[in-house]
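Number of protein chains: 2
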Amino acid sequence: MDHIIKAIHKYQSFAISSHRNPDGDSIGSCIALGLALKKLGKSVTYIMDDIPQKFEFLDEVKNFKVDASEHFDVVVCLDCSNIAHLHNSQDLSNGDLIINIDHHISNTNYGGLNYIDSVASATGEIIYELICKLSIPIDKDMAVALYVAVVTDTGNFKYSNVTYKTHAIVSELYKISDIYWKINTIIFDQNSYEGMKIIGKSLENLYLTHENRISVIALSLEDLKEYDNVDLEGIINYARDIKGVEVAVFAKEVEPNLFRVSFRANGDYDVSTLATIYGGGGHSKAAGCTIRGNSLKDIMNDITHNIAKDLQ
Amino acid sequence: MDHIIKAIHKYQSFAISSHRNPDGDSIGSCIALGLALKKLGKSVTYIMDDIPQKFEFLDEVKNFKVDASEHFDVVVCLDCSNIAHLHNSQDLSNGDLIINIDHHISNTNYGGLNYIDSVASATGEIIYELICKLSIPIDKDMAVALYVAVVTDTGNFKYSNVTYKTHAIVSELYKISDIYWKINTIIFDQNSYEGMKIIGKSLENLYLTHENRISVIALSLEDLKEYDNVDLEGIINYARDIKGVEVAVFAKEVEPNLFRVSFRANGDYDVSTLATIYGGGGHSKAAGCTIRGNSLKDIMNDITHNIAKDLQ
Ligand SMILES: [Mn+2]
Ligand SMILES: [Mn+2]
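Protein chains in written order, with UniProt numbering: chain F, 1 to 312; chain Z, 1 to 312.
Next up, chain F with everything else stripped away, as it sits in the complex (with noise of 0.2 Å):
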C-alpha cells in the first residue's frame, strides 16, 4: 500500500479501468479514486464501457471513456481479478505503471504494484482506506460512490463477506451524507414494469418437488415472447428464498430446444457438480450449464431427479 502511496505522489497522468461488465463496486471504486486523484491535482481518464443505467446518476459517470490512446504514466486496474477480464486489455500498454487493487482471491497479481484483500467485501473497502492514507477528506460524490461500491458487492449488508470493518466504513460514509437511502432505492430498487411482469409469470410457473426440497421456475421462449430485453438475472432467488428449500433451479429456453439453466444452493448441497453432470460449471452455491432437448418438463425431471438422488 505504501508503493501505491508512492506511485501517486510521484506520477502526474492516471487512467482507471475495471473488469467488463462493471458492476456497483467497479464503478463506484473507479469514482472514489478518479474524485480523490483530481483532488491532488491530477489527470484522470475513466476507461469504462456497458454501465448500466440505474448507475448513471453518479454524475462522474459522464467523464467515462470507451477507449484512450494517449500516453498514461499509470494505469489502476480495480476490482479486476485478471488481465483478461480488464475492460480494454490493449490500455495497459499505454502506462509506465500498472496499479492492480482488488478483493478477488484469484487476482493473478498481474501489476507492476498489487494490493490485494481478499476480506474485504468491496474494492470500494480498500479505496476508502487508501483515500485515507492519501489524507484526502472525502467529499459527499466520493462518499456516495463508495456507498454505492459496499452496497452493491455485500448485496446490501446481506451477504457472509461483510466484516465489523464494512459497517464501520459505512458508518463514516453517514457522518458526510444522508441521502443514502434514496441511492439504496436507485440501485435496488427501481424495477421496469416488465420485470415485475415476468417476475410473475415466473412465479406462476414455479413449482416444488422432491418433498419441497427442490423448486423448479422454468421459462419456454413462448413465455418469453413479450420480454424480449427483460433482465432475468435475479429471478432464481425467488426460488431459492422458499423455507426448506435445498436447491433451485431455472431454465429458460434461449432459442428452440436450447436452455440455459442455472442452479442456486441453500445449505450444503454443491450445486457445481450438478452443473458439471450438463457440462456446465460455477461455484457450489451458484452454477449452470447450457442442455439441448426436446422438452422443457423431460429436462427439469432428468435435472430434478439428478439433484434428488443426492439429497438427504
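What the hints contain is simulated information worked out from the structure, not anything from laboratory work.
Careful: at least some of the hints might be erroneous.
[What the hints assert, rightly or not] Ranges between beta-carbon positions, derived for each pair:
no.	chain 1	residue 1	chain 2	residue 2	range
1	Z	R292	F	L258	49 to 57 Å
2	F	I186	Z	D302	27 to 35 Å
3	F	S69	Z	K182	44 to 52 Å
4	F	S93	Z	A308	54 to 62 Å
5	F	D310	Z	N109	55 to 63 Å
6	Z	I5	F	K65	57 to 65 Å
7	Z	T185	F	S220	28 to 36 Å
What you are looking at is a predicted structure, and each value in this text was computed from that prediction instead of being measured.
Think of the CB as a built atom: it goes at the ideal place given N, C-alpha and C, for glycine as much as any other residue.
Given chain F, put chain Z with the ligands in place with the hints provided.
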C-alpha cells in the same frame, strides 16, 4: 438514562414487554435487555405474545409468557409509544415502577422513568447503549438479538432512519458474532411457497395507469381463495418499486364487496390526504382505508381518478 441505570441496579424483579404484534425491534430489544439483566442476577419475565414464526430461532423466545399475574419491582416497556398499544396493559399494575424506553417520537411518556430517543433507528440502538453503560459485556445471543432489532426497523439498512450510529453499533456487533448473514436470510428471505404464488398472482394483476405514474394491484376474493392465511403485507412494495411510479395502490377484497385498500407514495405525493377521502388515514408515504362497493374495477377507477387530480 442515569436514573434508569440506578433503578436497574436497585431493583430485583423485572417484567419486560412491548407493543402487541411485536416486530423484530420489539422482540430483539426485549431479549437483549433481558439477557443483560440476567447477567446482573436479576429475575426477568418476558410478557410477549404472537411472535412471528421467523423470530422463533431466537432461543429466548421459548421463555416468553403470554401473561403473568405476579408482582414485579419494575415493568420495562420497550418500543411501545402508547400504553394502549402494550401487549397486556393490566401487567403495568403489577409493577412498582414503569420504565419506558422507545424511539417513537409520538411516545406519550407514560412511564415513571422515560427515555425516548427519536433519532435512534430502532429501540435496539438505545438498548445497545444502555447495556454498554451498564458495563455488561455483550455476548453472541445479545448481539444477534440487537442485530435483529436494528435490521428489522431499518428495512435491512435501507430506510432514511439509518444514521452513522446505526452502522457503528452494527460494526461492534460484527466483532462479537459472524452469523448475521444467516440471520438476515431467516428474517428477509425465507418465504413460503404460497407467499410466492400470491406474489405471482399479484404481479399478473398489476397494471399501470395515468402515464405509468400510478400502479395498481387488486385482488378479489376469487383471487385469494386458495391463500387463506398468507401474509400479503409486503406485496404493495412490488407496485411501489417500479421506476416512474409515484403512487401505488393495493386492494384486497376482505369480504364480499368490502375492500381493504393501501397506498404508498414515492416522492412528494401525500397519500394520507387521499386515504382521508375514503375515511381512512396514515402517513404521507403510507396510508390506507376500507371501502364498500360493488366492483373492484369501479373503486380502482375512482381512486386512480382522485390521485391523478393531484398529480403534477
Ligand atoms: Mn468487487
Ligand atoms: Mn421500533
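How the hints compare with the structure:
Between R292(Z) and L258(F) the beta carbons are some 53 Å apart, a value that agrees with the proposed interval 49 to 57 Å. Between I186(F) and D302(Z), the C-beta spacing of about 32 Å keeps the proposed range 27 to 35 Å intact. The beta-carbon spacing between S69(F) and K182(Z), approximately 50 Å, falls within the hinted interval of 44 to 52 Å. For the pair S93(F) and A308(Z), the supplied restraint of 54 to 62 Å holds, since their beta-carbon distance comes to about 58 Å.
Range check, D310(F) to N109(Z): about 60 Å between beta-carbon atoms, so the 55 to 63 Å window is met. In this structure, I5(Z) and K65(F) meet the distance hint of 57 to 65 Å, their C-beta atoms being roughly 59 Å apart. A beta carbon spacing of about 31 Å between T185(Z) and S220(F) agrees with the range 28 to 36 Å that was offered as a hint.
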